Every structure is written in structure tokens, then in C-alpha cells.
Amino acid sequence: MSATLTEPTATRSPARRTGRRRDDSAAAFAFLAPDGVGLLLFVAVPTALALVVGLFDVDGFGNVSWAGLDNFRLMAGDGLLWRSFGITATYAVLFVPLTFFAALGLALLVKDRFPGVGAVRAALFLPNACSLVVIGLMWQFMLTDKTGVVSRMFAAVGLDGISWLGDPGLALFTLVLISVWFLMGYQMLIFLGGLQDIPREYYDAATVDGAGAWQRFRHVTWPMLRPTSFFVLVTATINAVTGLQAFDLVFVTTSGGPANSTSTIVFYAYQQAFQFGRFGYAAAICALLVLVLGAVTAGLFALTRGGRFDA
Amino acid sequence: MRENRTTGPESTDAVRQRRNPGPARENRVTGRAVAAYVIAFATVAPLLWLLLAAFRPESELYSAGWPSELTLDNVVYVLTEVPFLRYLANSAFISVTVTAIALFLHSMAAYALARMAFRGRGFAFASVVATLLISLPVILVPLFIVVRGLGMVDSYAGLIVPGLFNAFGIFLLRQFYLGVPRELEEAAHLDGCGHWRIYWHVILPLSRPMLAALAVLFFLANWNSFLWPLAVAQDESLRVVQVGIASLQGQYASKQHYVIAAAMLAALPTVLVFLVGQRWLVASLKTTGLK
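As given, the protein sequences belong to chains A and B, one line each in that order. The C-terminal residue of the first sequence carries number 449 in the numbering used here, and the numbering is unbroken. The C-terminal residue of the second sequence carries number 1129 in the numbering used here, and the numbering is unbroken.
For the record, the hints were derived by calculation from the structure and aren't laboratory data. Model, not experiment: these values are computed from the prediction. Possibly wrong hints are sitting among the right ones.
Unchecked claim - Pulled from the structure, derived: some chain A residues nowhere near chain B, Cβ distances all over 10 Å:
no.	residue
1	D195
2	G217
3	L218
4	F223
5	G224
6	P235
7	F238
8	L264
9	G307
10	L308
11	A343
12	F355
13	A411
14	A440
To be verified - Simulated DEER-style distance windows between Cβ atoms:
no.	chain 1	residue 1	chain 2	residue 2	range
15	B	D1029	A	F199	18 to 26 Å
16	A	P337	B	D992	52 to 60 Å
17	A	A349	B	E1021	39 to 47 Å
18	B	A873	A	P306	19 to 27 Å
19	B	A927	A	I300	38 to 46 Å
20	B	G987	A	G395	32 to 40 Å
21	A	G224	B	A873	32 to 40 Å
22	A	D283	B	G987	42 to 50 Å
23	A	T285	B	V876	24 to 32 Å
24	A	A440	B	A883	34 to 42 Å
25	B	E907	A	G243	36 to 44 Å
26	A	P337	B	L1042	28 to 36 Å
27	B	G987	A	A351	58 to 66 Å
28	A	M362	B	G987	44 to 52 Å
From the three backbone atoms N, C-alpha and C, an ideal C-beta is built for every residue, glycine too.
Generate coordinates for the entire structure from the input sequences, incorporating the hints supplied.
Given below as C-alpha cells:
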């Protein structure tokens, strides 16, 4: 980088705003351009395209033809698609509160110092350092019918014959539990940050007023955690609907089975695009997903009375 | 100010201990500590089991106890009979490249958003934040179409370039820079430094803790990424480790001990990177939810 781009354009500044205010437009442009172009090209353009590609038939070789609303008409009659939406919704409805309360509970458990607290926090986060492919393989292995180590532990207490990933009624719930185990440590850290930002004096004041542990939680911790809670709720929901759990984990453990019982919407869309070459149709599905997700986020926003990112 | 975060809790806790020396409190913390140990152990137990399983002889593959002997056969087989070293090398190259370039670009953009006065700054920042809500699976198909249009399918460029751009890093660094005292910059400015030199000599050295945290985070995310490499690279020589173990799973359905050894090898670098880098990571993650 040359020094010229760093020259502050001081000559123009006196006229603008309050006297000594600088205008760094040229330098700012240079600093922002590389990331800006990248985000535009690889995030913004694809997002805009997601809403448009569905109007075309795009095959695996890049041939494009106008399809109008054909893809959306196809969607209407695609039972498996709606089933995938239902599966994703079920997954989210189970996953979001479970992760939320598991993470909050863990954060409250490890918020104070005790010997080894750092190791405990690290241990709780550790699953999240591994990939969902590794996690999926590992659990699939441990949950193998009859021979798997978890299956045998259950058999030892008389609960044999549970097919954790092979039973259509149970597989999705198993994936939810694995996902909670995977993500709770991450969300716990975010709660920890929120907890440590609550001024100590509030608790002292509450204690002086005779508040018990539950009352301190109810009247100090809970309201003060609102922005953090909002963040955790939104990220957990996005994770449940479009996150990598909904794809990587499903891909490795069940491939959408048994009997399509774990075919999440993003897994279904992936199959349509990359296994059947129906890119336009897959994009139409994602367009719908973007709209649903926008609505869900808005709903959460209203529900939490606009907990803010920028508190 | 933000740097205090890493040391802050200890000092406040020390104060707290002095304030509440009652025996009841001590007991409660001990009870909690025991519960925390148990839960923490239960959480890592499956990972410990995976680690151990990779060194079990094939005949004891599914057992829960300590193996009768530990063997390197599984690991050696995976490293020699499968192009697994190639997968590991691909993953390492891609993860390190993305991490280094992304940190550089993000910190520049974040500095501009935090510290430069220019028209449209609010809009630029809002646009960056908006892209936080977009996750890969949703834009997979159009992203693939864009990358194919640029001729980057089945190339390292296709694996690396789209991974460089994510708003999360810009967002966190920008929040961090807002907290850096302005006096430092102003002093440099008076000394005749332009933005580039201020950025390079003042801002970058100050952002080491946050950059370290993001480096850990980016490395983990890229090493662990599966869906994008799966979609963009068919060529076997470009196979990354996550796609590699997933394909082994199908290929070696009756030889699961190799798959387990491969999974352990894939997880090992991430666990090590996390354990080494966790102090920065933890400090930065704890600020994500609020700021």
C-alpha cells in the first residue's frame, strides 16, 4: 500500500460539520473496498439471487431457462418438501428452548470461581471445537444398535432394543439431543459474558432488601440478561433452521432417514440441487426459507421486546 | 479497557470472596463445583471415548472399558493406505490461508468503520450487520452459481475465496476498536502518521487479543467446514479432511475402526488449537452477545 492513500483530505474539512471534523472518505474507501467487494460478491449477490434463481430452471451444467412460477407450483404439490418444513419446525421447537435453558443453567453453574472452573468451562465448550462430521460419526458409532457403547449401557439397565437413529419416531429427537450437547457450551460462554456484565451492586442491593436466590435471579439476572437472551434465541433459531447441524449432522448420521424422518429443509434443498441437479427448484425452496426466517426473526424481536444487539 | 476482561473476573471475585466469607456460601460453591465437575466430565466423555477408540484393536472396537492393548494400526492404516495426509494438508492450507487473509481484510474494514469519518458509514455498518443473519445453507445454491460463473469450481480459489468474507469478524473487531482510546491515534496523527501507519503501527498491535480470538475461531470454522467443500470441489485431490472422513464412512462401512481413527485425526488439530487459544476465544465470545 502506498502512502498516498493515507493522506487525510484535510483541505475540505473546515466547511463540513463542526470545524475540525475530518473527512476520510478516500482512505475509508481503500480500507473497506476489499472486504466490501467480497461481501457483495459472495454474500449479498447470492442472497439477492436466492430470491430470483427460483424463477429459472437451472440444471447441473449451467443451462438456464425461464421457469416463471413453475418451481413454486411444484413446491405446492411436493409433500416431502412440506414434511421437511415440518421436521425443521419440530427440530427448532425442541432445540431452541433446550439449548437456551441448558446454556443458561450451565452459565449460572460456572459463573463463580471455584478450583478448576476454567477447565470445566473449556470442557463444556469442547464439543463445539470439533466438526459436526466428527460429532455425527462419533455418535452414530456409539449409538449403533446392539453393539454401540451407549446402546449397551442402556441394555445394561434393561432398556435394550432402542434404535436411537434407526427408529423414525426417535431419530429426530436423537439429533436434537446431539445438537444441544454440541452447542450448549458455546451459548453458555455468551451467557457468561452477559452475567459478568451485571453490576455486582445490584445483587448486593437485592440481598440487603432480603431477596433470596430465586428472587435475585427473577428480578436482577433475568431482566439484565435480556439482550444476551435475545442474541442466544436468535442464533439458536438460525442454527436450528439453517445451521450446519441441520445439514452436516443429518448428512453424516441419517442422510435424512429413516423414512425421511430427519430430512430437514436445508438437507432437502441440498439433495434437490446437488443430487438431482435441480438448482432452480432448490433456490425456490431457499427463497421461501429466507422469507420464513425473516418472519421468525421479526417474531422473536417482538417477543423479546426488541432486545438489542447494540446495547 | 476490553483487555481487562481477561483479568477482570478474578479481581471482582476476590473482592466478592472477601465480602461474603460466610461458611454457607463456601458450602454452596462446593456443591456447585461438584455438580459442574460431573456435568463437565459427562460432556467430554464421548470425546475421550473417541480418542481411546482410535487406538483400540478392531475386536474391542465397541467396548466401553480400557482396551487390553493400545495399537497404532488404525491410525497408521488411515495415514498410509488412504490419501488422508493429503486431506489434512488441504484442510491445513485452506484454513490457514483463509484465517490470515480474512483477519487482515476484516481488521482494515473494521478500523474504517470504527474510526474514520465518511459519508455512508452508518449504512455500510448496517449492511455488514445485516449479512450476519445469512447462513451458508440458505445461499448455497446461488453462491455455487456465482462461484461457477467465476470459474472457481474445483479449485483452491473456490475453496478459499468465498470463505474469506464474513461479517462476524468485521463486527467484533469494529466493536473492539470503538473501545481503543482515541488519544493513541491522535498522538500518532499529530506525529504525521496517515491512516495506514496508524492502522499498522497502533491499531494492529493493540488488537492482538481480539485477532488471536478470531484466529482460533476462523481456523476452527474453516477446518470444520463440510458443506461448502462438499459442494464446490469434486476433484479428489482437493478433498478436505471433513469430506474425506464422510466418504470413508461409506467406503469402509464394515471397517469402522479406520473411520473412527480418521475422525480422531480430524478432531485432534481443532481440539489442540482450541486448548491453546481458548483464553482469547473465551474472552471474545463472552462479549459477542452484548455488544
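These are the hints, each one checked on the structure:
A cut-off of 10 Å between C-beta atoms confirms that A:D195 is not in contact with chain B; the least separation is 13 Å. Every Cβ of chain B is farther than 10 Å from the Cβ of A:G217; the closest lies at roughly 22 Å, confirming the non-interface assignment. Its beta-carbon lying about 18 Å from the closest one in chain B, A:L218 satisfies the requirement of being farther than 10 Å from that chain. For A:F223, the non-interface assignment is confirmed: its Cβ lies about 14 Å from the closest Cβ of chain B, beyond the 10 Å cut-off.
The Cβ of A:G224 lies farther than 10 Å from every Cβ of chain B, with a closest approach of about 18 Å, so its non-interface assignment holds. With a cut of 10 Å on Cβ distances, A:P235 stays outside the contact zone with chain B, its closest approach being about 17 Å. Every Cβ of chain B is farther than 10 Å from the Cβ of A:F238; the closest lies at roughly 12 Å, confirming the non-interface assignment. Once the 10 Å rule is applied to beta carbons, A:L264 is inconsistent with being away from chain B; the minimum gap is 5 Å.
For A:G307, the requirement that its beta carbon stay farther than 10 Å from each beta carbon of chain B is met, with the minimum near 24 Å. Annotated as non-interface, A:L308 keeps its C-beta farther than 10 Å from every C-beta of chain B; the closest such distance is 19 Å. A cut-off of 10 Å between C-beta atoms confirms that A:A343 is not in contact with chain B; the least separation is 13 Å. The Cβ of A:F355 sits about 14 Å from the closest Cβ of chain B, beyond the 10 Å cut-off, so the non-interface label holds.
Distance to chain B contradicts A:A411 as a non-interface residue, since its nearest Cβ pair spans about 5 Å, not more than 10 Å. The claim that A:A440 is not at the interface with chain B holds, since no C-beta of that chain comes within 10 Å of its own (minimum 16 Å). Checked against the given bound of 18 to 26 Å, the beta carbons of B:D1029 and A:F199, roughly 59 Å apart, lie outside it. As the Cβ distance of A:P337 to B:D992 is approximately 55 Å, the hint placing it in 52 to 60 Å holds.
Range check, A:A349 to B:E1021: about 42 Å between beta-carbon atoms, so the 39 to 47 Å window is met. Between B:A873 and A:P306 the C-beta distance comes to about 35 Å, which lies outside the given range of 19 to 27 Å. For the hinted restraint 38 to 46 Å between B:A927 and A:I300, the CB-CB distance of approximately 41 Å keeps it satisfied. Distance hint check for B:G987 and A:G395: the Cβ-Cβ separation is about 34 Å, which falls inside the suggested range of 32 to 40 Å.
At roughly 37 Å, the beta carbons of A:G224 and B:A873 sit within the given window of 32 to 40 Å. Distance hint check for A:D283 and B:G987: the Cβ-Cβ separation is about 46 Å, which falls inside the suggested range of 42 to 50 Å. Between A:T285 and B:V876 the beta carbons are some 27 Å apart, a value that agrees with the proposed interval 24 to 32 Å. The supplied range of 34 to 42 Å is met by A:A440 and B:A883, whose beta-carbon atoms lie about 41 Å from each other.
Remark: the range hint 36 to 44 Å for B:E907 to A:G243 is upheld by a beta-carbon distance near 41 Å. Look at A:P337 against B:L1042: about 33 Å separates their beta carbons, and that is inside 28 to 36 Å. At roughly 59 Å, the beta-carbon separation of B:G987 and A:A351 lies within the given 58 to 66 Å, and the hint holds. Our hint of 44 to 52 Å for A:M362 and B:G987 holds, since their Cβ atoms are close to 49 Å apart.
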